[in-house]
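**Q** Protein chains in written order, with our numbering: chain A, 169 to 438; chain B, 70 to 270; chain C, 70 to 270.
Hint data in this document are derived by calculation from the structure and do not stem from the laboratory.
The structure displayed is predicted, hence computed values, not measured ones.
Honestly, I wouldn't trust all of these hints.
Said to hold, decoys possible - Straight-line distance between alpha carbons at most 27 Å, and here's what the computed DSSO-like set of lysine-lysine pairs gives:
#: 1; chain 1: C; residue 1: K93; chain 2: B; residue 2: K139
#: 2; chain 1: C; residue 1: K231; chain 2: A; residue 2: K318
#: 3; chain 1: B; residue 1: K73; chain 2: C; residue 2: K73
#: 4; chain 1: A; residue 1: K267; chain 2: B; residue 2: K171
#: 5; chain 1: C; residue 1: K139; chain 2: B; residue 2: K111
#: 6; chain 1: C; residue 1: K139; chain 2: B; residue 2: K73
#: 7; chain 1: C; residue 1: K73; chain 2: B; residue 2: K76
#: 8; chain 1: B; residue 1: K176; chain 2: A; residue 2: K272
#: 9; chain 1: B; residue 1: K171; chain 2: A; residue 2: K272
#: 10; chain 1: B; residue 1: K93; chain 2: C; residue 2: K139
#: 11; chain 1: A; residue 1: K318; chain 2: C; residue 2: K171
#: 12; chain 1: B; residue 1: K197; chain 2: A; residue 2: K273
#: 13; chain 1: B; residue 1: K176; chain 2: A; residue 2: K269
#: 14; chain 1: A; residue 1: K319; chain 2: C; residue 2: K223
#: 15; chain 1: C; residue 1: K171; chain 2: A; residue 2: K328
#: 16; chain 1: C; residue 1: K111; chain 2: B; residue 2: K139
#: 17; chain 1: C; residue 1: K73; chain 2: B; residue 2: K111
#: 18; chain 1: A; residue 1: K269; chain 2: B; residue 2: K171
#: 19; chain 1: A; residue 1: K319; chain 2: C; residue 2: K231
#: 20; chain 1: A; residue 1: K360; chain 2: C; residue 2: K197
#: 21; chain 1: B; residue 1: K176; chain 2: A; residue 2: K273
#: 22; chain 1: A; residue 1: K329; chain 2: C; residue 2: K171
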Amino acid sequence: MVMSYRVKLNVFEGPFDLLVYLIEHARMSIYDIRISEITKQYVEYVHQMQEANVNLASEFLLLASELLEIKSRMLLPRINTEENIEDRYEDPRTELVEKLKEYKKYKAIASMLEERLEESAASQEKPQEDLTEYTNEQDEYLVLDSPSFKKAFEDFLQRKKKLDEIRAHHVRTGKQRMTTEIRISNIKDFFKEIPAGERRNFMELIEKKEDKYDISVTFASVLQMMKEKRLGAEQRRLFGDIELYATENLMDDVVPDETPEEVVNGEQDN
Amino acid sequence: MANKTIKSAIESMMFVWGEPLNIKDVADIFDVDKKEIYECCKELQEEYEQDGRGIVIREVNKSFQFVTRKENREFIERLCTPVRRRRLSQSALETLAIVAYKQPVTKGEIEAIRGIRCDRVMEGLMDKNLIAQLGRTDTVGRPILYGTTDEFLKQFEFESLKDLPPIEDIEGVIFEDDEPTVIIDGVAGQISLEELKKDED
Amino acid sequence: MANKTIKSAIESMMFVWGEPLNIKDVADIFDVDKKEIYECCKELQEEYEQDGRGIVIREVNKSFQFVTRKENREFIERLCTPVRRRRLSQSALETLAIVAYKQPVTKGEIEAIRGIRCDRVMEGLMDKNLIAQLGRTDTVGRPILYGTTDEFLKQFEFESLKDLPPIEDIEGVIFEDDEPTVIIDGVAGQISLEELKKDED
Chain A
169 MVMSYRVKLN VFEGPFDLLV YLIEHARMSI YDIRISEITK QYVEYVHQMQ
219 EANVNLASEF LLLASELLEI KSRMLLPRIN TEENIEDRYE DPRTELVEKL
269 KEYKKYKAIA SMLEERLEES AASQEKPQED LTEYTNEQDE YLVLDSPSFK
319 KAFEDFLQRK KKLDEIRAHH VRTGKQRMTT EIRISNIKDF FKEIPAGERR
369 NFMELIEKKE DKYDISVTFA SVLQMMKEKR LGAEQRRLFG DIELYATENL
419 MDDVVPDETP EEVVNGEQDN
Chain B
70 MANKTIKSAI ESMMFVWGEP LNIKDVADIF DVDKKEIYEC CKELQEEYEQ
120 DGRGIVIREV NKSFQFVTRK ENREFIERLC TPVRRRRLSQ SALETLAIVA
170 YKQPVTKGEI EAIRGIRCDR VMEGLMDKNL IAQLGRTDTV GRPILYGTTD
220 EFLKQFEFES LKDLPPIEDI EGVIFEDDEP TVIIDGVAGQ ISLEELKKDE
270 D
Chain C
70 MANKTIKSAI ESMMFVWGEP LNIKDVADIF DVDKKEIYEC CKELQEEYEQ
120 DGRGIVIREV NKSFQFVTRK ENREFIERLC TPVRRRRLSQ SALETLAIVA
170 YKQPVTKGEI EAIRGIRCDR VMEGLMDKNL IAQLGRTDTV GRPILYGTTD
220 EFLKQFEFES LKDLPPIEDI EGVIFEDDEP TVIIDGVAGQ ISLEELKKDE
270 D
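Work the whole structure out from these sequences, hints included.
**A** Take a look at the structure:
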């Protein structure tokens, strides 16, 4: 007994499924459901399933209460007055009928799909071949286009403009330090190009001889590099020329560089 | 490049690929218009069909795939037991039917039609890659919209969504017998619970 | 059973089987002499060969198997080898843009504009052949001058450097602000060595 209900519940996919089954089984028209009869059957069925301790979805109970409500509305006397003529009277079943019609429609589509699935099983696919045999060294190509180029640059210009505005008002020291960093890099490049150990006059490092700022920044940069033991210097007499030479530590960067990750963002899409 | 060369290459590629082969990918390889590839595929399809070959070409949403001829099913089964797809449950089929015909559709809309919650069923269909999330509606709560996938088209042998049979055809069949006039009121089912229970056995 | 039916069935079976299909097994299924099956397979083999099909039939010790046509290997490889697409990072694009608009330009000038070291970015751009060394300036230290390459024009689909998109405000940022002395305008010359040394600590 209990078993039979268990089996049955699995078959009913929801309250509408059960209701449609009961209506069809009773050979009623969906357009003219004998509501009290069908409600009785539905409620009894749900009740017995509950007694059988079947874990019943709450939606089944919800529909039971809806059916009872429709039933009670059907029992209300219809008063045939001038104002309450037949075509103004709304059948309490109307909404339910619409829902059941819609549900039956998709149930029919479901069985059409089921047939198609059965039918399509007649043709067999074959599994994919082992593709590793055909996989070569990956081609790499850059995804480049003019709009993104322009956009990236415009974004940068915007940022730079804002930054410059801020800088124009304050943070002088930061600016100077940055310039020193760049100059250190230049000096490094300069010495990289000449034979190791060869000495050069300090003034050779100055790009604009008349610019005191340039001279002082270069001098500060040299001092910094000496402190880091990347350059050696010799001054043979007071106010004489300063001779500079690179040490083996020339390339040791204290300054943070941009990380390689920033340079290329590899991205894979097939 | 000669049409014949391309067609031969497409055959090789379809064979190796197994899954439906996208004409766009093929067009990229030959650097030709994908319309041209589509035509090659259609020609091939016709050739295999005409010759009654044991392999035929199936179209799935502008992708093409070799499959065996249906009529040879029996012979294949005598050779080996083909891998069977697991059948879909009734609730999965109902839910899939609603998604297919009403897409893009929200879970709420599906549940309203079926009269029951569909979370598990929907998850199952997504696991099987038969339905997928399409995005969200602009309405309040921005519920997720669902639609069917190319895998759905493939498994049910629809070339595209346009191939779904018109809903009126299906409706006509169900509701023909349901006209109120046909019913002799009062005579129909006086079914008892006992009878229902008997049916179960 | 008609020769054509058997051949079609063999095609289906070979397709599903994958491995070489033994003619003995096929003969058992149709309950015919295996010599007949062998002949069917040879006929099929001939047909696929004649038509230049992308799949051909290989005989392996009285067994038969579908394989792809050798000549199509290159196309299959292209299908199966995914292309790695790389995008330029924001810093690479910025640097490239500065080189493009300000060329010939030294690394120092670029660094002054970007306010950050560019060694690695420049190396990356040179590896990709988007920028190249043009020569050296005549100024002290003789820093290297950089410019864009023909590859740069090709990749961005510019016919010539005159095609570079006009960019608003470019003047202000790139062509006026690029001298370090200008950046701290007016203050520069007055700075004392003591102050500088303090800053370094």
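**Q** Please go over all the hints and tell whether each is borne out by the structure.
**A** Going through the hints against the structure:
no., hint, result
1, C:K93 with B:K139, "holds (24 Å)"
2, C:K231 with A:K318, "holds (14 Å)"
3, B:K73 with C:K73, "holds (25 Å)"
4, A:K267 with B:K171, "holds (15 Å)"
5, C:K139 with B:K111, "holds (24 Å)"
6, C:K139 with B:K73, "holds (15 Å)"
7, C:K73 with B:K76, "holds (24 Å)"
8, B:K176 with A:K272, "holds (18 Å)"
9, B:K171 with A:K272, "holds (15 Å)"
10, B:K93 with C:K139, "holds (23 Å)"
11, A:K318 with C:K171, "holds (15 Å)"
12, B:K197 with A:K273, "holds (24 Å)"
13, B:K176 with A:K269, "holds (19 Å)"
14, A:K319 with C:K223, "holds (19 Å)"
15, C:K171 with A:K328, "holds (16 Å)"
16, C:K111 with B:K139, "holds (24 Å)"
17, C:K73 with B:K111, "holds (23 Å)"
18, A:K269 with B:K171, "holds (15 Å)"
19, A:K319 with C:K231, "holds (18 Å)"
20, A:K360 with C:K197, "holds (24 Å)"
21, B:K176 with A:K273, "holds (18 Å)"
22, A:K329 with C:K171, "holds (17 Å)"
Checked against the numbered hints given earlier, this structure breaks none of them.
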